[in-house]
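Here are the chains, one letter per residue:
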Amino acid sequence: MNWDDWMKENLARLAFYARQQTRTDSDADDVLQDAIIEAWKRTPKKCPDVALVFSYIRRRSIDLGRKMKVRQDFAESSDVLLVTIETDFEQRDDELLLRKSLGKLPPNLSEAVVLHLWGGLTFQEIGKMLSISPNTASSRYRLALERLRQTVKNKLS
Amino acid sequence: MKPDFDIEDRLRKLAPKTTDEYQKQFSERFERALNEEAAPQSPSIFSRVVPWGLATAAVLCLAALILNSPNPSEVSPAQATVAKVVDDGGIDDEIFVPHSESEPIVLGDDGKIYRVLVHENSTKNTRPSRRLVALNSF
Numbered sequence: 091m092n093w094d095d096w097m098k099e100n101l102a103r104l105a106f107y108a109r110q111q112t113r114t115d116s117d118a119d120d121v122l123q124d125a126i127i128e129a130w131k132r133t134p135k136k137c138p139d140v141a142l143v144f145s146y147i148r149r150r151s152i153d154l155g156r157k158m159k160v161r162q163d164f165a166e167s168s169d170v171l172l173v174t175i176e177t178d179f180e181q182r183d184d185e186l187l188l189r190k191s192l193g194k195l196p197p198n199l200s201e202a203v204v205l206h207l208w209g210g211l212t213f214q215e216i217g218k219m220l221s222i223s224p225n226t227a228s229s230r231y232r233l234a235l236e237r238l239r240q241t242v243k244n245k246l247s
Numbered sequence: 003m004k005p006d007f008d009i010e011d012r013l014r015k016l017a018p019k020t021t022d023e024y025q026k027q028f029s030e031r032f033e034r035a036l037n038e039e040a041a042p043q044s045p046s047i048f049s050r051v052v053p054w055g056l057a058t059a060a061v062l063c064l065a066a067l068i069l070n071s072p073n074p075s076e077v078s079p080a081q082a083t084v085a086k087v088v089d090d091g092g093i094d095d096e097i098f099v100p101h102s103e104s105e106p107i108v109l110g111d112d113g114k115i116y117r118v119l120v121h122e123n124s125t126k127n128t129r130p131s132r133r134l135v136a137l138n139s140f
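Those protein sequences? They're chains U and A, same order as listed. To convert, count from 1 in the first sequence and add 90; that's this note's numbering. To convert, count from 1 in the second sequence and add 2; that's this note's numbering.
It cannot be assumed that every hint is accurate.
Covered stretches of chain U, as calculated for chain A (at least 3 residues, CB under 8 Å) [what the hints assert, rightly or not]:
| # | region |
| --- | --- |
| 1 | 98-105 |
| 2 | 120-129 |
| 3 | 184-191 |
What the hints contain is simulated information worked out from the structure, not anything from laboratory work. For clarity, every value in this text was computed on a predicted model and none was experimentally measured. The beta-carbon is built from N, C-alpha and C at its ideal position, and this holds for glycine as well.
Next up, chain U with everything else stripped away, as it sits in the complex (with noise of 0.2 Å):
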């Protein structure tokens, strides 16, 4: 795979964690550009590993919030520069309630979502990146499909 394709495969789902990661799209492009560049140091010949990308954004986004003493818990900004696939009205509606209740979440059950949905990620490498058990980041993930559920099905009972 080319960098081209794999900027193709990867740069979505990359650039939308580093988002919800960071506190302005600014730093987490800086993010994303300084993991990308890390991940490549380390297989230089060939594209880089995704869940070692995802990795880096982590703890690259931790340390700048520690210098910044700022952590933003979910960035709903993340749409400014990212769009979704084309639906109907309804549908769009049932987007933004579900982006909305995924927004609301907190941090470590989205942060699940995020990385095994969208992130392609297995719960074991989830659990490896966070420091957490496989068991928990399903877990996690469960939990955060259940409750986007329930919250899905207050809203429309």
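With the hints as your guide, set chain A onto chain U.
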């Protein structure tokens, strides 16, 4: 939205996507950064200056040491004594050495710097013997 819909499936469909513009901007920015990383680093001013500074400092220290070493011509006869110098390099000469220094550094007739090793003799009336050792390590 149906309450029993597959929330996992719906979330999957909401996976973030980048605009072409963002993709292009970031790719260009990243390419620049990557080229900078891959390019051989030119030595910084600091790395160029420090070795020269250290070399200069070493030369100055050596010069100061040589200049501050006791020079027989600067020692007044009242403060010095004449010692018979026998060295193992074949120099057999008399030089002035200050009383206060047990192992002074002197400039030999041949222009070399020597350290005078003093060996006190057991008998009082005998002058201490001195031996010149060339300071080759300088």
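> In ascending order, which of the hints set out earlier in this document are inconsistent with the structure?
Replying inline: Structure breaks no hint.
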